[in-house]
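Fit chain V to the supplied structure of chain F, relying on the hints for placement.
First to last, the protein sequences are chains F and V. Sequential numbering from 3 applies to the first sequence in the working numbering. Sequential numbering from 3 applies to the second sequence in the working numbering.
No wet-lab data here; the hints were simulated from the structure.
One copy or any two copies: either way a pair holds, since identical chains are not told apart in the list.
Simulated pairs of lysine to aspartate or glutamate, DMTMM-like, Cα-Cα distance not exceeding 25 angstroms:
1) K126 with E298
2) K149 with D290
3) K149 with E298
There are 2 protein chains.
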Amino acid sequence: MTRILTVAGAQMGPIQRADDRASVIERMLALLHRAHRRGAGLVVFPELALTTFFPRWVIDDQAEVDAWFEAGMPNPAVQPLFDAARTLGIGFYLGYAELTHEGGRTRRFNTAILVDETGTILGKYRKVHLPGHAEPDPARLHQHLEKRYFEVGDLGFPVWRTLGGVMGMCICNDRRWPETYRVMGLQGVEMILLGYNTPAQNAQGGEEVHLRMMHHHLCIQAGAYQNSSFVVAVAKAGLEDGHDLIGGSCIAGPTGAIVALATTQKDELIVADCDLDQCAFGKASVFDFAAHRRPEHYGRITAQTGATPPP
Amino acid sequence: MTRILTVAGAQMGPIQRADDRASVIERMLALLHRAHRRGAGLVVFPELALTTFFPRWVIDDQAEVDAWFEAGMPNPAVQPLFDAARTLGIGFYLGYAELTHEGGRTRRFNTAILVDETGTILGKYRKVHLPGHAEPDPARLHQHLEKRYFEVGDLGFPVWRTLGGVMGMCICNDRRWPETYRVMGLQGVEMILLGYNTPAQNAQGGEEVHLRMMHHHLCIQAGAYQNSSFVVAVAKAGLEDGHDLIGGSCIAGPTGAIVALATTQKDELIVADCDLDQCAFGKASVFDFAAHRRPEHYGRITAQTGATPPP
Numbered sequence: 003m004t005r006i007l008t009v010a011g012a013q014m015g016p017i018q019r020a021d022d023r024a025s026v027i028e029r030m031l032a033l034l035h036r037a038h039r040r041g042a043g044l045v046v047f048p049e050l051a052l053t054t055f056f057p058r059w060v061i062d063d064q065a066e067v068d069a070w071f072e073a074g075m076p077n078p079a080v081q082p083l084f085d086a087a088r089t090l091g092i093g094f095y096l097g098y099a100e101l102t103h104e105g106g107r108t109r110r111f112n113t114a115i116l117v118d119e120t121g122t123i124l125g126k127y128r129k130v131h132l133p134g135h136a137e138p139d140p141a142r143l144h145q146h147l148e149k150r151y152f153e154v155g156d157l158g159f160p161v162w163r164t165l166g167g168v169m170g171m172c173i174c175n176d177r178r179w180p181e182t183y184r185v186m187g188l189q190g191v192e193m194i195l196l197g198y199n200t201p202a203q204n205a206q207g208g209e210e211v212h213l214r215m216m217h218h219h220l221c222i223q224a225g226a227y228q229n230s231s232f233v234v235a236v237a238k239a240g241l242e243d244g245h246d247l248i249g250g251s252c253i254a255g256p257t258g259a260i261v262a263l264a265t266t267q268k269d270e271l272i273v274a275d276c277d278l279d280q281c282a283f284g285k286a287s288v289f290d291f292a293a294h295r296r297p298e299h300y301g302r303i304t305a306q307t308g309a310t311p312p313p
Numbered sequence: 003m004t005r006i007l008t009v010a011g012a013q014m015g016p017i018q019r020a021d022d023r024a025s026v027i028e029r030m031l032a033l034l035h036r037a038h039r040r041g042a043g044l045v046v047f048p049e050l051a052l053t054t055f056f057p058r059w060v061i062d063d064q065a066e067v068d069a070w071f072e073a074g075m076p077n078p079a080v081q082p083l084f085d086a087a088r089t090l091g092i093g094f095y096l097g098y099a100e101l102t103h104e105g106g107r108t109r110r111f112n113t114a115i116l117v118d119e120t121g122t123i124l125g126k127y128r129k130v131h132l133p134g135h136a137e138p139d140p141a142r143l144h145q146h147l148e149k150r151y152f153e154v155g156d157l158g159f160p161v162w163r164t165l166g167g168v169m170g171m172c173i174c175n176d177r178r179w180p181e182t183y184r185v186m187g188l189q190g191v192e193m194i195l196l197g198y199n200t201p202a203q204n205a206q207g208g209e210e211v212h213l214r215m216m217h218h219h220l221c222i223q224a225g226a227y228q229n230s231s232f233v234v235a236v237a238k239a240g241l242e243d244g245h246d247l248i249g250g251s252c253i254a255g256p257t258g259a260i261v262a263l264a265t266t267q268k269d270e271l272i273v274a275d276c277d278l279d280q281c282a283f284g285k286a287s288v289f290d291f292a293a294h295r296r297p298e299h300y301g302r303i304t305a306q307t308g309a310t311p312p313p
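Bound-form chain F, shown alone (with noise of 0.2 angstroms):
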């Protein structure tokens, strides 16, 4: 038996800040007709897709930060992806800044959606691991605001059975955190999509620059191995208002191993036929998670939150 889902990763190059909307969903569609061309039946772009990776910068004026935001999904703008989606028969995954109006106040999120191939929204997920800082600090090599302009996601890491198999999201730095792939293997996720701007230097410092795609990939290939699932990756890239993103999208299998992996900092379709079925092995045998689990000693990964190190 097998369950073939075909999934593009839709890599972007750089967005600028002067460039607009329209000629960003122009970029996307191209690479959804491409994806169509292909064969996939689903499309992963990247987190923040619409615009350039603003948490890079101090912005006081908040309507000059909203302007960032989405404040409604569809909107005018992205209608024509929506509309295309539903033409070609394919499912998307979209990465934006959402603006919100919630228990009478008005919230910020990292956000991404998963379309059906009917250009239904079928489910949303709120990016709950923030990297960076909430106040500027001109220690770092550059700022990454992500604390000071987004709430942490409220939604968890739920699932959603759609499109022949059990999909879950996540965005960017959830990927380095073994806690994301669990809860989301706990509950049966036979593939995550999640897009990525990743600075191709860590603002502390501190780190060679060398190890950046290297710790990107480790952490992709361990969440997949040893939750035994799909992930498709899929960054903006490259040279964005002065700053270089690292690219590297890639598709890891099951086993951990890498199926497609991009090679530029551009626009750029990765496409792999994704057998849902090749889950099943690892799920029953190593990470058979009811046989091997032990849960009992696990108690520090949700009793803390910080490092307690001994006296």
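Same frame as chain F, but now just chain V:
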């Protein structure tokens, strides 16, 4: 500032069923002396380092099973190892099958001890993630009866402040589980010691043989990076009683990079100068747990054992 601990991984080639403890200890002493000449302050030996990997056999006679176990530690057979460690001023990690009488009953564990440079047993770890099965299973390519011969470890994943740093231990299959590293990471671990016996072939088939080494290194490197800790992983390797065990002993640094790697399946020493202060950067930046972890979204990790896919 630097806190350099020179650590040696003492990979061991196969120990055949016919080999007695004395011949094994002789090989371990040779490795210990070699480690001393290389300047090591700590030597890591494999899991079940004193015997062949007996869980590959169905043994019905309990006395025959118990012959693979150590009823005391140290005992006359291993005393020369303790004596040499004290003489040379080297600490060591030793894996062995532990037989003990506790709470009025006989108990058996897959155990490791940490011995300091005075020959004193500082700490004990009992393997939590026992792989394999409890009942003979003719459908498997070989038997892996750890769940038959051992109880699940009851000591959790403690750490010890010794040898200039914060040290933790685990054993073999524990290394495939991110929970293992994280529970120690949450205690500020700086070096994780682990021995293993890993069949070159997955007993349940379904996994390509060449992936076994990749999976081993993938888990080690991810655990090291995601907890900003050294990991010293040491094999019993080679063709043991007709069953092939992978080598690939390695020392991974807190960036996840492998800094020393065995290249044989024989008795072989790998050595690295590990500056424990290198752990500080990751723990204060990307993996600043207090700043970035979100246990409120990790509930499933401790609340459930097996996976519960959506309907």
